[in-house]
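Participant: Following the hints, put chains P and W in place on chain L, whose structure we already have.
Residue numbers (this note's numbering), protein chains in the order written: chain L, 1 to 455; chain P, 1 to 246; chain W, 1 to 180.
By construction, these hints were calculated from the structure, which means they are not laboratory data. Hints should not be assumed to be uniformly reliable.
Every beta carbon over 10 Å from chain L, so not counted as near; a handful from chain P, in silico [to be verified]:
hint, residue
1, A3
2, K84
3, Q94
4, D112
5, G118
6, L119
7, K163
Short, incomplete list of chain L residues facing chain P, as computed with Cβ under 8 Å [to be verified]:
hint, residue
8, N13
9, P15
10, T17
11, G74
12, A298
13, Y348
14, R374
15, K387
16, L398
17, A399
18, S433
19, L436
20, F444
21, Y448
For every residue, glycine included, the Cβ atom is placed at its ideal position computed from N, Cα and C.
In case you want the letters, here they are:
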Amino acid sequence: MKHARAAREFLRNGPRTDWHDQALWYVRQKRDLQKDGIPDWEDLREQASAIKEHTLSNLDQYLEEFETNALRNGIRVHWALNAQEHNHMVLEILQQAGVNRLVKSKSMLTEECQMNPFLEKKGIEVIESDLGERIIQFAEQDPSHIVLPAIHMKKEEVGKLFEKKLGTKPGNHDPQYLTGAARKHLREHFLAAEVAMTGVNFALAESGGFVVCTNEGNADMGIHHASIHIASMGIEKVIPGKEHLAVFLRLLARSATGQPVTTYTSHFQRPDRDKEIHLIIVDNGRSEHLGKDKFWRALKCIRCGACLNTCPVYRRSGGHSYGYTIPGPIGSILTPRVDLKAFSDLPYASSLCGSCSDVCPVKIEIHEQLYHWRQEVNEQGELSRKKKLGIRFMGRLLARPRLYQKSGKFARKALRITPRFLVYNRLNPWGLSRDLPEPPRQSFQEWYRENRNKS
Amino acid sequence: MKAGLFIPCYIDQFYPQVGIDTLELLEKLGVEIESPLNQTCCGQPLANSGMEKETLKICSHFIQLFGSYDVIVSPSGSCVLHIKEHVPESLHDQVYFHVRDHIYELTEFMTDILKIDGLDGHFPHRVGLHQSCHGLRGLRNGKSSELAGKGFGKARAILSSLKDIHLVELDRRDECCGFGGTFSVFEEAVSVRMGKDRIHDHMKNGAEIITATDMSCLMHLEGLIKRNHQPIRVMHIAEILNAAIS
Amino acid sequence: MSRAQILNSISKNKPAPVKLPAPRKIFDKADEDLLQAFIDKAIDAGSETENFDSFEKVEAWVKQQRKNGKYVMDLSMPAGDPGMVDMVVIRGQLGVAENGAVWIDDEDMPTRKSPFVTNHLVLTLEKVKILPDMHEAYSKVDLDRTSFGVFIAGPSKTADIEQSLVIGAHGPIKNTILLY
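With the rest of the complex left out, here is chain L (with noise of 0.2 Å):
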């Protein structure tokens, strides 16, 4: 139970927990208020999810659409059938311009194809402009969020990075002072860049060009300045066309930070003159996914992280406790896809309580697709033994009304007999820390049978 084990480590630091708890919290209300200043919010999550599943069921057609239209507004486009491919493609783009430098701005896909350890062992030096990620790279931390990947850090564990890696006054912790600094220090990156990389938060079919959202200006600062603009998209980032895009970017934002809109919602069409623009298409598994009935409808996800700023367990135990690139709801239903038998305790991070699903702005229905996936979790035979014994026992009691009510009332009794000590030990996980409900006399059953079935 690597979560549950991360979870309790992390939980043992209770104020810190309170903090990061509260910071999640808040962004979550953030995010409400913006939906509640929507008339037509609840159509906006239906139209958007309705036009994923239309794109993702004709996501060939869409692909090809796209490619056509790209080519032609000269944008260069790659296919990349799994991650090794990518960071090669990638790893030649920059060979072939003979550059050792990447500026690159925020992407899940290229921290799920592990793309920076790769060049960099390649001799090529990768700097994430985006602050968030930018710090984190400092602290050779993974990010614990898809959208706010420093979350996890308090500005005074921020302000000694930045004495160490940028010279920054010690002890000043103040984010303005820190941010300036950074600032500065990238600067001087973004004026030098030759090759600058971007995700893609959504490519248009219609007419063959992609959108980049930012808050920092770090993505257009990057790619301006360079000659090369390498984008990395996974294949469900393709939806058909403008109109669309609308339904979209109207959701985005207000369930992510809760902002109206991002500061910058950057539309490249056609590169700048004499400049060359790359677009690789990246599979990695997705395509494969897309023929899960069950799990398939997670592909429709725009990497928003609203399931993540709602999710209790999320809240409390911090997104390094899962062990993967996407933490959370969402990665729960994505990661067992990469290695069922690695993250099989994934699915079972979870209350079902259900929060993920209604704040989705694409209505994956994370929860039930929770559920589903430990159904698969016991199919391939990764659940634990310990597990399976205790709640297959539990289960063949529960199928005999007779046994059921015999062990039922031994139980009972057994309880209101045994001392304190036998009851609750480590062998009673629930009794760590809470009490067991009292054991009645007599169980609902019993009683009614002796007040109303006189017969």
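Facilitator: Below, chains P and W alone, put in the same frame as chain L:
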């Protein structure tokens, strides 16, 4: 209309009073109701663990017991939701469909079938309503805070109608209590922390009693309250309503 | 070849076709004060707004800035390093009331980097070009004619350090909208 009373296994064994109060309440409301003997369980603990396939016997027993009633009522949103959504497909026949389409959680039954929008009763206490997740986001017996639109809540409406009751406003209106069935054991640390936070919210806002439509949530919260000797108690909504109109 | 493999895999696996939903019904916003809504949202996003009666008055404003010694870069004076000027002025094609964003494209930029690398971005916008929402905005934006376009809503910002909002991340620190 002949109603069948479905009493979940843990209520049967550990909280029979909730079953008794549910029965008495419905009898007082003029419902012709009986509880078939030899009930066991809806199968949720197995299914939620990943063993839905192994609930065939349990579910088929359930369908057989309850198939002949016009309606089925239960003081448990999660069990009702489970019967509606996670009974294995191989058991889907006419009898099952009848059960699925006529099974209700208590406040849902009172509101939608008995068409009761209030009770003539008296409950002079400060009460915190805990919104059990399955009843809220599953059965949609209330509007969850995540969704846009006009607020409504069946349990809340009935409680509000009682004289002298004070329903406290919580900081987080419908955050999960952390029970989640086997989650409470497999992710014990998170589960406990979630429960403690809920209790804190209720106490901070002045509740003397925490109520809900699901005893499972309350069992978890009560376990924490008792262990930590906190000055607050839990009552299932059936207990409150039955006491209020006595 | 990867392309063929990917497309074949998609074709093989894709779910049963789902219909594209009908375009959204346009909610009647005839009575909404678009200008005020736009200004409110622009300010929320950290922009400053200035009201003028005519384009001539806007031009006069720009002239005055230059008279005061400010280096103002725009299409009429595109030379120089936009990162070193006092402000870059770009014509906005339309504005969106629901979020305070302004659409500009590279036909109106001295260079593509100019709206981002300057410390102070100034956008001019005709009041009648303010539309209620993104649906209407995109009905007017012609992407086929655009090489690079961007919706800009405010100065650059970040809340990546402990959720504290800081204005001025990597793009401009100041964003002014001149409405006429």
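Participant: Each hint needs a verdict: does it hold in this structure or not?
Facilitator: Each hint, compared with the structure:
1. A3: About 13 Å separates A3(P) from the closest Cβ of chain L, which puts it past 10 Å; holds.
2. K84: About 13 Å separates K84(P) from the closest Cβ of chain L, which puts it past 10 Å; holds.
3. Q94: 23 Å, holds
4. D112: 21 Å, holds
5. G118: 28 Å, holds
6. L119: Given a closest Cβ separation of 23 Å, the condition holds.
7. K163: 29 Å, holds
8. N13: 12 Å, violated
9. P15: Constraint on P15(L) not satisfied, violated at 12 Å.
10. T17: 7 Å, holds
11. G74: At 42 Å from the nearest chain P Cβ, G74(L) fails the 8 Å test, so the hint is violated.
12. A298: Nearest chain P Cβ about 18 Å off; hint violated.
13. Y348: At 6 Å from the nearest chain P Cβ, Y348(L) passes the 8 Å test, so the hint holds.
14. R374: Result: holds, 4 Å to nearest chain P Cβ.
15. K387: Holds - the Cβ of K387(L) comes within 8 Å of chain P, reaching about 6 Å at its closest.
16. L398: 4 Å, holds
17. A399: Because about 4 Å separates A399(L) from the closest Cβ in chain P, which is inside the 8 Å limit, the hint holds.
18. S433: 4 Å, holds
19. L436: 7 Å, holds
20. F444: This interface hint holds because 4 Å falls under the 8 Å limit.
21. Y448: At 5 Å from the nearest chain P Cβ, Y448(L) passes the 8 Å test, so the hint holds.
Hint violations for this structure: numbers 8, 9, 11, 12, all remaining hints satisfied.
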